[in-house]
Amino acid sequence: MQPETTPFLPLTIQRAVFRPRKEKSPDLTVKISSSLYQSKRVNQQVIHRPISQMIKK
Amino acid sequence: MITIVSEEQDIMTDLTMEWLARRKTPTRRIQNYEPQTFRIEIDNGGSSAAGPISGNSHYWTRRGKENYIPATIDHHFSENLPVYRYLEQDELVVSSYVETKRKQQLNHHDTGSFFAEKKNNKLINLELAKSVHLLIPPTCVTNSKKVLAQFIRRHKQVITKDLCAPVYLPGDKGTLTSSGVISIGLSDLDAMADNFAAVFVQENISKQFEIRCFLFRKTIFSMAIFSQNDQQTTTDFRNYNDARPNRCVPFQLPPSIASKLWKFMALAELDTGSIDLIYTPEGEFVFLEVNPMGQFHWLSENCNYYLEHFIADSFTNA
Amino acid sequence: MSVQPTYLLYASCVPVSGAKRKIICDLQRNGYVPIPDGLYEILTRHRGKSHKDIKAAYENKYDQIIDDYFKMLVQHEFAFACTDPNLFPELSLDWKAPFPVFNAILDRDNNSAYDLRSAVSQLSGINCKYLQLRFFDPIDGAALTELLQYFETIRSATIGLEVLVPAAPGFTSTDARKLLSTFDRLNKITLHGSPGEFSIEEVRNKRFLISMPTSVDSEAHCGIIDPELFSINIKAFTEAKKFNSCLNGKISVDRKGFIRNCPSMQEDFGHLDDTSLAEASSHPDFRARWQMTKDEVNVCRDCEFRYICTDCRAYTQDNEADGKPLKCGYDPYTGEWASTAPSNRLRTRVRAQKTASSSPA
Chain A
-18 MQPETTPFLP LTIQRAVFRP RKEKSPDLTV KISSSLYQSK RVNQQVIHRP ISQMIKK
Chain B
1154 MITIVSEEQD IMTDLTMEWL ARRKTPTRRI QNYEPQTFRI EIDNGGSSAA GPISGNSHYW
1214 TRRGKENYIP ATIDHHFSEN LPVYRYLEQD ELVVSSYVET KRKQQLNHHD TGSFFAEKKN
1274 NKLINLELAK SVHLLIPPTC VTNSKKVLAQ FIRRHKQVIT KDLCAPVYLP GDKGTLTSSG
1334 VISIGLSDLD AMADNFAAVF VQENISKQFE IRCFLFRKTI FSMAIFSQND QQTTTDFRNY
1394 NDARPNRCVP FQLPPSIASK LWKFMALAEL DTGSIDLIYT PEGEFVFLEV NPMGQFHWLS
1454 ENCNYYLEHF IADSFTNA
Chain C
262 MSVQPTYLLY ASCVPVSGAK RKIICDLQRN GYVPIPDGLY EILTRHRGKS HKDIKAAYEN
322 KYDQIIDDYF KMLVQHEFAF ACTDPNLFPE LSLDWKAPFP VFNAILDRDN NSAYDLRSAV
382 SQLSGINCKY LQLRFFDPID GAALTELLQY FETIRSATIG LEVLVPAAPG FTSTDARKLL
442 STFDRLNKIT LHGSPGEFSI EEVRNKRFLI SMPTSVDSEA HCGIIDPELF SINIKAFTEA
502 KKFNSCLNGK ISVDRKGFIR NCPSMQEDFG HLDDTSLAEA SSHPDFRARW QMTKDEVNVC
562 RDCEFRYICT DCRAYTQDNE ADGKPLKCGY DPYTGEWAST APSNRLRTRV RAQKTASSSP
622 A
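Chains as they are written, first to last, in my numbering: chain A, -18 to 38; chain B, 1154 to 1471; chain C, 262 to 622.
Hints are supplied without guarantee of correctness; some may be wrong.
Stated by the list, open to error - Keeping only pairs whose Cα atoms sit at most 20 Å apart, straight-line, the calculated SDA-like set for lysine to any residue is:
id: 1; chain 1: B; residue 1: Lys1413; chain 2: B; residue 2: Thr1372
id: 2; chain 1: A; residue 1: Lys37; chain 2: C; residue 2: Phe469
id: 3; chain 1: B; residue 1: Lys1360; chain 2: C; residue 2: Asn466
id: 4; chain 1: C; residue 1: Lys517; chain 2: C; residue 2: Leu490
id: 5; chain 1: B; residue 1: Lys1360; chain 2: C; residue 2: Phe469
id: 6; chain 1: B; residue 1: Lys1360; chain 2: C; residue 2: Glu540
id: 7; chain 1: C; residue 1: Lys467; chain 2: B; residue 2: Lys1371
id: 8; chain 1: B; residue 1: Lys1371; chain 2: B; residue 2: Ser1412
id: 9; chain 1: B; residue 1: Lys1177; chain 2: C; residue 2: Glu540
id: 10; chain 1: C; residue 1: Lys503; chain 2: A; residue 2: Lys12
id: 11; chain 1: B; residue 1: Lys1314; chain 2: B; residue 2: Leu1288
id: 12; chain 1: C; residue 1: Lys357; chain 2: B; residue 2: Phe1463
id: 13; chain 1: C; residue 1: Lys496; chain 2: C; residue 2: Phe360
id: 14; chain 1: A; residue 1: Lys12; chain 2: C; residue 2: Ala342
id: 15; chain 1: C; residue 1: Lys439; chain 2: C; residue 2: Thr406
id: 16; chain 1: C; residue 1: Lys357; chain 2: B; residue 2: Asn1470
id: 17; chain 1: A; residue 1: Lys38; chain 2: C; residue 2: Ile471
id: 18; chain 1: C; residue 1: Lys503; chain 2: C; residue 2: Lys517
id: 19; chain 1: C; residue 1: Lys316; chain 2: C; residue 2: Lys357
id: 20; chain 1: A; residue 1: Lys21; chain 2: C; residue 2: Asn466
id: 21; chain 1: A; residue 1: Lys38; chain 2: C; residue 2: Lys496
Read the hints as simulated data drawn from the structure, not as lab findings.
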């Protein structure tokens, strides 16, 4: 569980959760300059199955 | 020309753009941060305007809004300065004018609204839902410890959640974010002052499952979320469990409930949005809230709805 | 009077029947479990009936077993009890892709002379989203960097890029990590012929460096069928129901520049020097290869894994168009995996094919 803090007491009962900065960013967007999306950043989409089947443990 | 206003991270925008490209439909994507040049002239002969207002066959305000302040503002003023907020307020007048004009011109070939999101009010919405005979959780908002204690005593199982937007406070060592929906009891009041900022509490509604509905123009797509089995998500499915995701399955809303949701949407002046419902152990549907610009990619993907295709088609066939 | 409960599978849990075994494919949590024949029958023939009616359908002879079955399914979150099954439709089997060609393979070795940039730019032009580049001979890191920069200059529609490259002094895991950290559209680098054990490293968010000891010196390494390579998700399952689970939406350029459904296929659709990828991929015979589902393939049609398994149409049993993949060691009639795939037969076949393709046309 995440450590919970109550930084706003006694002014409000709603709690906030402190999430320490992570090494790996949870941000799934990447800077891809693509004409298709007319955007310099698009979400990373991942193919749903292997493109070829050469890699095996 | 179809125009989509969105955030750069929005995956549904990306996916919809693909279908529009496939149909070779001229499309323009406006990122919410990209400054737009505009002109509005109003005189005794009439008024004229240019910029994002003109030349659209359909306009979809997916996330955020058009930006009319030059990007160089950051060079002059920090976001925290009052002058920044002053300029933003002026900008809202422009945005509001542009949205109003556009809606008039496009005559319903326009979906979503920044101002609908901005004025979205959980309390008013609960009253609107009640007025169309949807069940709602008993709710209280107060700044008094005494009133809060009374509510908790009366309803026993009580939850609190954000009244408006979630907390998001980035810092050097990490980020403070809302804890989402949490249960509270009388003991939680000990640390509180006698008066405090508004607290939003509701009776905790027990559930068989939750329902997320995405409404777009004339169609509803629903998904049932089984969060009850998982301690981590029992109070709110947004406390995600990544390793063992909640079961999310397609759901067919009964016509009587669907028709109430449409009545609600009409009263709330929304043409799109995501509605959260609870399905109780007694088989009743309870309205929780609407998010005019909510995320729906996870709904589309879990239920295999291909909402990106549906949305692109609704623009090109309209 | 209380309503009789009905037990339903969650829509993403789909039962599939094989000749010997039955399984439930869990398309949301990416797994599968074997189930008894009797339970398969209950879940399919009697879907939507109340618990009481199902028991009655078996003349109440198996009440305890039926109770146990559903208790187990609920406990493992494959099924839930409800009072109105009509509210829970089955998963739609729709499969859609905005652009017909969505995945591609470009093969390269030291002798490859076709224009790689042209291939990359053409793939972007037909909005092919995923691309795998397979280098069979050692390459220079600088050349790869230059190519990756090229994707940026053309604002390529290819957003998911995988590279297979031999581990060599000119291109090490350090070089690979650097590229994965620099180029956002690069998802994966596989260093084949790496010293040490097979390993997967997440260099940064969803960017992987795979090191594998096996050297991949030709397209003949492809076509492995193995539970490790199963794709147990809604998109792959629904695609496999309607299309070939390997060749659908695929185009490739082999080492010599010939355009094929995949580099291992015998038939070509012209050379990149004189045929465009758009042209080749629109050819009716090219598209015909996308259509063959596992339901039409010998042996596979009786296999319980047919909608989560990848296929191979290049190396097939007896070289038949509808033959079972040669590198599959599973026998759906016994429910057992052979300890060794028929690799000897394969080698002979590949050698014969290589000889055939290198002889003058």
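Status of the hints after comparison with the structure:
Taking the CA atoms of Lys1413(B) and Thr1372(B), the gap is about 13 Å. The hint holds against a cut of 20 Å. Simply put, Lys37(A) and Phe469(C) have alpha-carbon atoms about 15 Å apart, close enough for the 20 Å limit, and the pair holds. Restraint check: the Cα-Cα separation between Lys1360(B) and Asn466(C) comes to about 36 Å, which exceeds 20 Å; the hinted pair is violated. Pair hint Lys517(C) plus Leu490(C) does not hold up; C-alpha atoms about 28 Å apart against a cutoff of 20 Å.
Annotation: proposed proximity of Lys1360(B) to Phe469(C) is violated, straight-line Cα distance about 41 Å (limit 20 Å). Distance hint between Lys1360(B) and Glu540(C) is unfulfilled; the C-alpha atoms sit about 56 Å from each other, more than 20 Å. Note on Lys467(C) and Lys1371(B): the hinted pairing is violated, with a Cα-Cα distance of about 37 Å set against a maximum of 20 Å. With a C-alpha separation of about 11 Å, the suggested pairing of Lys1371(B) with Ser1412(B) holds against the 20 Å cut-off.
Restraint check for Lys1177(B) and Glu540(C): the C-alpha separation of about 19 Å stays at or below 20 Å, so the hint holds. At most 20 Å may separate the alpha-carbon atoms for a hinted pair to count; Lys503(C) and Lys12(A) exceed this at roughly 34 Å. With a C-alpha separation of about 19 Å, the suggested pairing of Lys1314(B) with Leu1288(B) holds against the 20 Å cut-off. Proximity of Lys357(C) to Phe1463(B) is assessed by CA-CA distance (about 11 Å); at most 20 Å being required, the pair is judged to hold.
With a C-alpha separation of about 15 Å, the suggested pair Lys496(C) and Phe360(C) falls inside the 20 Å cut-off, and the hint holds. For the given pair, Lys12(A) sits about 45 Å from Ala342(C) by alpha-carbon distance, which is inconsistent with the 20 Å threshold. Taking the CA atoms of Lys439(C) and Thr406(C), the gap is near 10 Å; set against the 20 Å cutoff, the hint holds. Taken as a hint, the Lys357(C) and Asn1470(B) pair is honoured in the structure, with Cα atoms around 18 Å apart against an allowance of 20 Å.
Proposed proximity of Lys38(A) and Ile471(C) is supported: the alpha carbons are some 10 Å apart, at most 20 Å. For the suggested pair Lys503(C) and Lys517(C), the alpha carbons sit about 32 Å apart, so the restraint of at most 20 Å is broken. For the hint linking Lys316(C) to Lys357(C), the alpha-carbon distance of about 39 Å lies beyond 20 Å, and the restraint is violated. A distance of roughly 18 Å separates the Cα atoms of Lys21(A) and Asn466(C); the hinted pair therefore holds under the 20 Å criterion.
Pair hint Lys38(A) plus Lys496(C) does not hold up; C-alpha atoms about 24 Å apart against a cutoff of 20 Å.
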